[in-house]
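Engineer: The chain contents come next:
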Amino acid sequence: MKTAPQAIVVRTAGTNCDRETCIALERAGAKPELLHLRKLIAEPARLESASIVVFPGGFSYGDDVAAGRIQGFEVRQHLAGHLGEFVASGGFVLGVCNGFQVLVDTGLLENLPSAAGRGMALAPNVSGHFECRWVHLKNEDSRCTWLPAGRVWPAPIAHGEGRLALRDGAMLEQLASERRIVLRYVKPDGSRSDDLETCPNGSQDQIAGVCDMTGRVLGLMPHPERNVTPWHHPQWTRLTGMRSEGEGLDFYRRMVVAASQSAATRSARVPTIS
Amino acid sequence: MPNSQTTSLPVSPVRTPSVNAWRIEVFQKTGRDDPEGTRALHALRELGIVARNSNARVRVGKGFLLSPELNQAQVERIARELLVDPVLESPRMLAPRATSSFAVEGVHRVSVMRRPGVMDPTAMTIERTLARADFARLQGSERVRALTFTVYELEGELSHEQLLRAGRELFANEVIEELFVDREDLHFELPHASSERSDGTLALMRADDAELTRLSKVGGLSLSLEEMRAIAAHYRGLRREPSVCELETLAQTWSEHCKHKTFTGSIEFTSPAGTERIDNLLKQTIKAATVELAKPWCVSVFGDNAGIVEFGEGFDVCVKVETHNHPSAIDPYGGAGTGIGGVIRDILGVGLGARPIANTDAFFVGPLDLPDSKLPKGCMHPRRILRGVVSGVRDYGNRMGIPTVNGGVWVHPDYVGNPLVFAGTIGLIPHSMAFKQVEPGDRIVVLGGRTGRDGIHGATFSSIELHDESSVVSSAAVQIGDPITEKRVQDALLRARDEGLYRSVTDCGAGGLSSAVGEMGADCGAHVHLDRVPLKYPGLTPAEVWISEAQERMVLAVASEHVARVLELCAAEDVDATVIGEFTATKKLVLEHRGARVCELDMEFLHEGTPRPLRKAVFQPTALPDPGCPACADHTRMVLELLASPNIASKQWIVRQYDHEVQGRSVLKAMVGVRDDGPGDAAVLQPLETSRRGLAIGCGANPDQGVLDPWAMASASIDEALRNVVAVGGDPERTAILDNFSWGNCQRPENLGALVEASRACYVTAKAFGTPFISGKDSLNNEYRVGDETIVIPPTLFVSAVAIVPDVSRAVSMDFKEAGNALYLIGMTHAELGGSHYLMKCALRGGRVPRPDLALAPRRLAALHSALRQGLARACHDLSEGGLAVALAEMAFAGGLGATVDLARVITAELPPGSDPTATRLYSESCTRFLVEVRPENTAAFEKLLADHDCARIGTISEQLRLAVRESAHSLVIDVDLESLRRAHQGSFQG
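Heads up: the sequence lines are chains A and B, in that order.
Count along the first sequence starting at 1, add 5, and that's the number in our numbering.
Count along the second sequence starting at 1, add 69, and that's the number in our numbering.
I should point out that these hints are in silico values taken from the structure, not numbers from a laboratory.
Ideal Cβ positions, reconstructed from N, Cα and C, are used throughout, including at glycine.
Some clues are possibly wrong.
[Claimed, not checked] Just so you have them, the derived chain B footprint on chain A, three or more residues with Cβ under 8 Å:
1) 63-76
2) 79-90
3) 121-134
4) 169-181
5) 231-244
[As the list claims (entries may be wrong)] What follows is a set of in silico ranges between Cβ atoms, one per label pair, in the way DEER data are often shown:
6) A:T270 / B:R634: 39 to 47 Å
7) B:E802 / A:Q266: 46 to 54 Å
8) A:S198 / B:R197: 38 to 46 Å
9) A:E53 / B:E1006: 53 to 61 Å
10) B:E211 / A:S54: 40 to 48 Å
11) A:E38 / B:E211: 32 to 40 Å
12) B:G510 / A:H83: 40 to 48 Å
13) B:R634 / A:G155: 51 to 59 Å
14) B:R197 / A:S182: 35 to 43 Å
15) B:H1039 / A:G155: 49 to 57 Å
16) A:G155 / B:N124: 43 to 51 Å
17) B:D438 / A:S198: 27 to 35 Å
Produce the complete structure using the sequences and hints provided.
Structural biologist: Below, the structure is given as structure tokens:
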């Protein structure tokens, strides 16, 4: 099994992180294919040959009405069932930034068939405007077991609506007890703080990324694909020693490995199904 | 199961008549944060509209109007699935013509909605989305219509006057938006369509001078008498009268904006050296430098929508910088947004279309701390302007997915009525696609946004109808950008390019279709059916369609066999594309509207018939006495004050609102250092994933110097832009520059005289440095009249520089890196404080403006570059605003490391009497100087390379968190901790 797993990168009007996402996936060992949402809706069978579906960052439909809302609506209308089957059969779905907003809106992270009943949302940053800056992330002990728990690494954020808001306290407890909190904004030493330097959007419990019950659907606000080369880091001119790549590449590499293993199990099952 | 939660929305009972549409308002649920409301309240307090200690509350809601033909179930479903977040928000709605309202006792409601005909991109998105949703169908083929608005609900003791002020100064821009203070009668009509009009002809053949002048004025043509005479003579030769369409086309094509008549005309120039005739200023200065330098890596300069230079690895780089001043003064948010949108289209329309990879922006505004009482009548406060233009660039650039990587903010009192906005875009294009050629028979395809009355200044020839349409007309002065339409256009265009589907492309900018089609067909001819152009709403005259400056449109020349594929590809990307005519071999521009020929113009007359004006220019050097360089009693305090002055203070609040990382090409960002708070000299990008070759992007401008000495200002601004790109690792041998002039009215000889001086400096300086101009733009009427007084902006030359960085892994940032390293100052310090920030702080004017030493400076840049290229520098920073003192302070707090510096080691020219040596060394803004940090093991090699370039080791980086500057072994003139420096830099206006 040495063929690169296929990753569908879904684009639509306003998607704009497709370049760095495809580059990161490719460097991480996947075979990315950029596909228009309309095309995927017309040909959902394309999901069958893919191991990963990525909803990349951007301003789908201009963030009109709310960030991710229109694309979430279109996915819910036309693709929700297919994506559900894709995940159930072992596929990975990643939503980054605007893609996370889309995933939240679709209900896929909560395994919901419609918008109603949703327990989480991504609200406007506390600053009230777009923020682009670098943060530190910590991998939590979560259902995304392919991420080494406890590791702290840098990545940039770039969003106006990234403050995770939950329906109520019970929802937070549920996310924690179900090990669905995947990433948190932390200080460089890994400790927690709710100050805005550490968690610039004011997210509840400094949560930066969450997954679904399978651990195969993951959404996060920061952009690991923008920390892939040795020169992406804002302080690379100060960092000494051997640093041959950005820390975000490891995130993608591990996901691609996990997805291809999952896909291997999946394709092993296929003959019995057909 | 979750569907069980969907309950009917509360529908208010009926009382008084209101708008004939479904009305939905969405607010944050009680208990949820409302950052927008909090910000609005904060701003109301800052403006003094509500008292700081008042207990007022503000909530901000999103409002939507939907077609009255929808039934309640449909509207509820639209609200639930599309308009409301179930976790955060709760909606409420009113039925069409409901007689009740949402008004409650004790709560004031201020609604803001766009005027009819003004673009509402969110509404367009909702309409497009609903058109694809089964459940939102209307009977027949009608599409659901939508409009949006914003509601501010204010609690507290507030008078109607206070609410009106809040609306006018904070919530709405009444040029484009309508304000409803405690009023609920929003509108839902389509813009008023005038009766079908034809434009007709105008009687020019026998008109006398007075009549010609009148016709130009009434028509808003901005044609001079001489030009009107040339046109009348041309039509006398044709024995017919011109149509309105023809005149409009001529007016657009011959406009200053498109033709640069001042820059290319004849000038009689009088200076102390005598009087001389300049035949074509642009050709003799800016372009002459490029022509004479004849760099083989210049691919296409001054001929296309942007300059193109070779990058390497099979690609070229395209650069364009535009000014968008007047629209930004009227509507800062929309003006800056459409400014950036327009320059992005220049890049999409250069060669066969380039991919935008970076944006730049620069703003020149009035004092941010100006007391309201000093604000001239009719002006917006500079703070509001700056916030507005920053938000405009942010929302357009971020949505386009183009990182904004470099720029600046300059403050001067004379920008108060006429702020300047410069927006630039850098593109990447395969080398083989740098040129284009229209062939007769190619179809003319317009794609992107629909055409409305946007940007038609004045009401052309229908002054009688002006009153009826005044709301449409006034809103038409401002164009509203829709970045997502432009992003779709980009996606479609670049895919069509890669499939080789068209032969030529250009953007619709100033002059709209008239300029775009007129330019593309200049060498062959074009035939256009104006009735085929897709419109936003009916009722436009043919001339209006032709010259509308509606945004987000591009024009392609498509061979007939590729038309079907182009239309198919555009449809897949959700882009409107329409064949509106074809290019011909007739050398004529022919326009038809519903079978009637409304224009038939000779291409030659259109493009070559402009009479060249003769203008007078006078230059007289300033008579201000030289104030010298006074001593300063407390240099520590002075450094802190300089760091907080608006031109120098941190722009982090701006930078962080721009997505400067998108596309993943970033190598050096605008802010650098251990806490990302050091002001970097230039951005560095890695354009291609597969190559370490990089691109540095920097800029320079010095308006305060321009007032004193336009020659020196221009030369120093070029020097500054070059310093910035070289400091980060750019190769001065592979640097191209761009000129953007913003000047006062050049009909005035003294303004034109300053322009001549500055242009000549550009020639001499570019030649000396070997850096060709590859593109430029001028805006020559920047003044503000209030009563009898005219405020003229300072002569402003904004220079951009783009340089190749041979290896991005050798790029250098400005923050101190390691204690113990040596600190060098490169370059000679002169008593050059004219226009300096130090003299400003001393409230003194006059003095010698810095000029680069053009014999030494180019070699100094080359020597420094080779040192950087060899990896000998750990940090490098140029000396500019605030001189040595500010550069040292910035490097120190950015690196989180101190330094000890000995001023006695600074290489200083002989100082004239009246120049305090300490203050001169600390604050002179002499050109071509750098601070460089070098590791001990590299000092010998570094000193050897820079031996002939006034290189002096002036200090050492230290672990102590202090900047300590000594005059000699004993006296400490500056002694300050890094935290104080950082706080001063961050302490002034931060948005």
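Engineer: Each hint needs a verdict: does it hold in this structure or not?
Structural biologist: Status of each hint after checking the structure:
no. : hint                         : verdict
1   : 63-76                        : holds (count 10)
2   : 79-90                        : holds (count 3)
3   : 121-134                      : holds (count 13)
4   : 169-181                      : holds (count 3)
5   : 231-244                      : holds (count 10)
6   : A:T270 / B:R634: 39 to 47 Å  : holds (42 Å)
7   : B:E802 / A:Q266: 46 to 54 Å  : holds (52 Å)
8   : A:S198 / B:R197: 38 to 46 Å  : holds (43 Å)
9   : A:E53 / B:E1006: 53 to 61 Å  : holds (60 Å)
10  : B:E211 / A:S54: 40 to 48 Å   : holds (41 Å)
11  : A:E38 / B:E211: 32 to 40 Å   : holds (38 Å)
12  : B:G510 / A:H83: 40 to 48 Å   : holds (41 Å)
13  : B:R634 / A:G155: 51 to 59 Å  : holds (54 Å)
14  : B:R197 / A:S182: 35 to 43 Å  : holds (42 Å)
15  : B:H1039 / A:G155: 49 to 57 Å : holds (54 Å)
16  : A:G155 / B:N124: 43 to 51 Å  : holds (46 Å)
17  : B:D438 / A:S198: 27 to 35 Å  : holds (34 Å)
This entry satisfies every hint, going by the numbered hints stated previously.
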